[in-house]
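Student: Each chain is listed here by its residues.
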Amino acid sequence: MERPLDQLIYLASTRDYNTGIYRHDGLSIRFSPAVACEALADCHRIVFQELLGFPVKELVLQLEGYMHAAGIGASEFLKSWSQLEPYRVAVPVDTQPLAAEFLYCNLKTALAILETRLTPIPPPPIAWPRRSPAQESPRLRDT
Amino acid sequence: MLYLLVGALLVASLILAARRGSGPEGGAEALVRARQALTQLQANLLSPEVIERFSSSDDYEFVASAAPAAANTFFRRERKKIMLAWIGQIRQQVHSLLHFHLGAARFYTRSNFWSEVSLAMDFVRLLLACRVLQVLVYFGGPLVAPRLVTATATAGLRICEITENALAFLTAPDPPIERSIAS
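Chains A and B are the protein sequences, given in the same order.
Numbering-wise (the working numbering), the first sequence opens with residue 1 and increments by one.
Numbering-wise (the working numbering), the second sequence opens with residue 1 and increments by one.
Rather than coming from a laboratory, the hints here were simulated on the basis of the structure.
These numbers were taken from a predicted model, which means no experiment stands behind them.
Be careful, since some hints might not be right.
Some, not all, of what chain A presents toward chain B, calculated at C-beta under 10 angstroms [what the hints assert, rightly or not]: (1) Tyr10; (2) Arg23; (3) Asp25; (4) Gly26; (5) Gln49; (6) Lys57; (7) Ala99; (8) Glu101; (9) Tyr104; (10) Asn106; (11) Leu111; (12) Leu118.
Keeping only pairs whose Cα atoms sit at most 20 angstroms apart, straight-line, the calculated SDA-like set for lysine to any residue is [unchecked claim]: (13) Lys80(B) - Ser75(A); (14) Lys81(B) - Ser75(A); (15) Lys108(A) - Thr73(B); (16) Lys57(A) - Gln96(A); (17) Lys81(B) - Ser47(B); (18) Lys57(A) - Leu143(B); (19) Lys81(B) - Pro55(A); (20) Lys81(B) - Leu118(A).
Each residue gets a CB set at the ideal place from its N, CA and C atoms; glycine is no exception.
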């Protein structure tokens with residue numbers, strides 16, 4: 001998992017919605033639940049800060065990469081991310097509200113750009129060659 | 001005439017003494033307020049990465065060229081809104097810290113006259129920069145004064161550091177944290 005966006009979504013998913021505590025069975029067994037929670041929370045904050053510094057251009061690539069890695073169809077992904085805005089629940093708990101708003105704005109714009117890129121452009125209407133009067137009128141054609 | 005002058009001097013010294021004496025009584029409250037203002041200002045000072053993005057024209061150029069018109073409008077409007085909110089928050093917290101320094105800081109810090117004057121100038125500069133920036137961003141958008149944005153963030157950091165030092169005696173030293181994370 002190399003992309004910071006993938007990491008952000010993953011780390012947010014390890015956090016309990018009700019308690020805000022990060023859980024990871026492997027790390028908890030190896031160290032302790034408290035240490036695992038602290039380590040995951042630290043990683044979450046670092047990844048969030050990293051994403052804050054990304055230009056919109058890079059965020060478009062991050063979204064595209066995440067979409068391909070998740071194996072979801074483009075239309076389905078764009079629809080759910082535009083409507084549900086899952087990134088809003090993926091920020092660390094002590095995030096400055098303005099910093100969070102900054103990332104939401106960038107991600108929303110990046111999504112719109114990705115949608116524009118992935119939406120197939122309809123082909124232009126074909127211009128048929130104009131018929132001659134003889135072709136258009138059967139009487140003229142017959143005479 | 002001489003008696004009047006001496007009397008006036010006595011009254012003036014009494015008023016001064018009364019003002020100086022009233023500081024520490026209300027000091028605890030002032031300190032708590034100052035600590036809250038400092039914490040909020042530190043929290044509201046966005047990271048250097050965000051400040052850099054605010055001041056950079058790359059995003060605006062890219063979005064203008066690649067995004068549909070509605071997304072471009074949304075992006076510009078949101079960036080402007082965030083920036084105005086950021087400046088407003090800094091102004092508010094700097095005002096709180098200024099009141100603390102004017103009222104109570106001199107009782108707790110060993111600062112001389114010139115350092116107080118220098119600090120006062122920092123406050124004035126920062127408040128003025130915030131006001132100018134607010135007007136410029138409101139009318140011209142977030143890209144209108146990138147240097148002023150950076151200067152405001154830097155001045156905010158400096159004032160935070162000075163106030164942190166003034167309030168340092170309130171902060172207990174952190175206990176050493178033993179981490180058992182092995183690689």
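Student: Against the structure, test the hints numbered earlier, and report the numbers of the ones violated in rising order.
Tutor: 1, 2, 3, 4, 12, 13, 14, 16, 20
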